[in-house]
Amino acid sequence: MAELSRRDWLTLTGTGVVGALAVSRSTAAEEGDMILIPGGPCVLGTTEDEAARVAREHGYHVSWLSGEYPQRQVELPSFLIARYPVTNRQFHAFCQATGHSRRGYWRGGEPPAGLIDHPVTGVNRADALAYCAWARLRLPTEAEWEKAARGPDGRTFPWGDEFDPDACQWNPEKLAGGPGTAPVDAHPRGAGPYGVMDMVGNVAEWCADPPPPHGALRGGCWMTSERLNLRAAARNMNGFDNNAANFYGFRCAKDVD
Amino acid sequence: MPNIRLQPVQGQMALHVLDVPTFPGEGFHLGIPEAIGDAARCVWFGGVEPVWEELGDGAWRQTARREGELSYAITATPREDVVELRLSLTNESDRAWAQSLAFNCFGCGGAGSVSDHECVRHWCGSGGELRRLIEVPRRFSPRATVQLYSVEGAPPGADLPFVANFAATPDAVLEGWLAIQSRDETRLVATASRPALFLFQNMEYSCIHSAPGFGPLGPGETGEAANLVYFTEGPLDAWRRRMIADLRGD
Chain A
161 MAELSRRDWL TLTGTGVVGA LAVSRSTAAE EGDMILIPGG PCVLGTTEDE AARVAREHGY
221 HVSWLSGEYP QRQVELPSFL IARYPVTNRQ FHAFCQATGH SRRGYWRGGE PPAGLIDHPV
281 TGVNRADALA YCAWARLRLP TEAEWEKAAR GPDGRTFPWG DEFDPDACQW NPEKLAGGPG
341 TAPVDAHPRG AGPYGVMDMV GNVAEWCADP PPPHGALRGG CWMTSERLNL RAAARNMNGF
401 DNNAANFYGF RCAKDVD
Chain B
3 MPNIRLQPVQ GQMALHVLDV PTFPGEGFHL GIPEAIGDAA RCVWFGGVEP VWEELGDGAW
63 RQTARREGEL SYAITATPRE DVVELRLSLT NESDRAWAQS LAFNCFGCGG AGSVSDHECV
123 RHWCGSGGEL RRLIEVPRRF SPRATVQLYS VEGAPPGADL PFVANFAATP DAVLEGWLAI
183 QSRDETRLVA TASRPALFLF QNMEYSCIHS APGFGPLGPG ETGEAANLVY FTEGPLDAWR
243 RRMIADLRGD
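So the protein sequences, as listed, match chains A and B. Here my numbering = 1-based position in the first sequence + 160. Here my numbering = 1-based position in the second sequence + 2.
Hints were generated in silico from the structure; no laboratory data involved. Only a predicted model underlies this, so the values are computations on that prediction, with no experimental measurement involved. Cβ coordinates follow ideal geometry from the N, Cα and C atoms, glycine included. Please note: incorrect hints may appear among the correct ones.
Stated by the list, open to error - Computed from the model, here is a short list of chain A residues facing chain B with C-beta under 10 Å:
id, residue
1, H221
2, V222
3, G227
4, E228
5, A336
6, G337
7, H374
8, A376
9, L377
10, M383
11, E386
12, N396
13, M397
14, N398
15, N403
16, A405
To be verified - A few chain A residues that face chain B, going by a derived Cβ cut-off under 7 Å, partial list only:
id, residue
17, Y220
18, W224
19, S226
20, P370
Sequences and hints are given; from them, build the entire structure.
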């Protein structure tokens, strides 16, 4: 394992102080870093009362949030999760190394220079799994994704309980084409309790579960205009495993040895 | 206004809707049908290789047959702001079908001015009132983006194997149409059937379905239905009045 650098150590304040270890690692994939999410309890989902409040506030019937309740506390073992979603740069390296198909929006087989550090899009779950296998990583489960985004205290958004319009890439103007993706490090205010970045907005992220043929997609995306769909507990997105939409991306995870 | 232009996909149960005067520069997609036949044992998209035949004036007819199961014909006629679909389905099996259907998909995901992956501009009707779809109960399922609804006057969705298998049918009973308002709120797209058997929407693709039902069909029997796909200007309530009149006079 590579030597830990100073920036690998994060101490962030949430409702308490969470010490999180970011581990520099060198994989076949890239120089991207992984963050250790310590084992222990976490809160998943939303209470029915809270769901009712949020739904009322946004004009939805509460049943549109029913995938989130009942809220439950679960124990998860330690795991590593990528600080950022996989970028075009990283996915390009994977394609070069393996011959995996280039993305449709690339030009001449290369990602556009302006998108090189944006999350890769147009990936289906098979693409994501192929990348993970090559990088000796895996997709996070929904529970892992949610813990990394919400911390042990189950906050509403990665950065806290109040929505911050500048903390993620979303579509506040409700534009037809939306704002498109942003570089994965464009929203430092969106840092989660463990230092994981860009979990909400930008691209909806494939998860390892449920089993085929449909996978969960978490975090909303650059097209999302409704704040309730940017909550880290939101579960109204999934996709056919073979669907590669222009708002689908992914990040990697790994077991702790 | 000129008529809408239709471009069938030869050999497939699919049709592109192009040059829509009310939605310039945008394209739509019709999966007609994505499934058809016995509601308990449908032939799915790709299950037959249909033939498209041009009829003149921009209209097309799709025909297909699965030996020993079914045959069908769908005529698609473009107007200025609506595509009229007329369907006939024949039971060529030796089974009596308790219910029969065409699962027609109206895909709007490629049209930025109306695509709505959060359902906030989706509209429906119940009890004579217009309602936002997000105000209507839904049921979470392993396919979280999908929802089905029963239709007034039709059998409950839970009693239809095709619908029940999605495990996403709430108790809500709606009129036989779904609409999506444009972002600028000056236009809408909609699908309405006569008779409608159930409704379906999928946030993943931003598609809406009003599934025409042909009722019970015995061996050798043929049923007919209509499905109107709108691309109109103006407010929802005016469109709804027109749609009801269109279906009544159909």
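How the hints compare with the structure:
1. H221: 5 Å, holds
2. V222: Where the cut-off is 10 Å and the nearest Cβ of chain B is about 8 Å from V222 of chain A, the hint holds.
3. G227: 4 Å, holds
4. E228: For E228 of chain A, the interface hint holds, since the closest Cβ of chain B sits about 9 Å away, which is under 10 Å.
5. A336: 4 Å, holds
6. G337: 5 Å, holds
7. H374: Because about 5 Å separates H374 of chain A from the closest Cβ in chain B, which is inside the 10 Å limit, the hint holds.
8. A376: OK, holds: A376 of chain A within 10 Å of chain B, min 7 Å.
9. L377: 9 Å, holds
10. M383: 6 Å, holds
11. E386: Holds: closest Cβ of chain B sits about 5 Å from E386 of chain A, inside 10 Å.
12. N396: Holds: closest Cβ of chain B sits about 5 Å from N396 of chain A, inside 10 Å.
13. M397: 6 Å, holds
14. N398: 5 Å, holds
15. N403: Since the shortest Cβ distance to chain B is 7 Å, the answer is holds.
16. A405: Check passed: Cβ of A405 of chain A comes within 7 Å of chain B, closer than 10 Å.
17. Y220: 5 Å, holds
18. W224: With a minimum Cβ separation of about 6 Å from chain B (threshold 7 Å), the hint on W224 of chain A holds.
19. S226: 5 Å, holds
20. P370: With Cβ-Cβ at 6 Å, under 7 Å, it holds.
Checked against the numbered hints given earlier, this structure breaks none of them.
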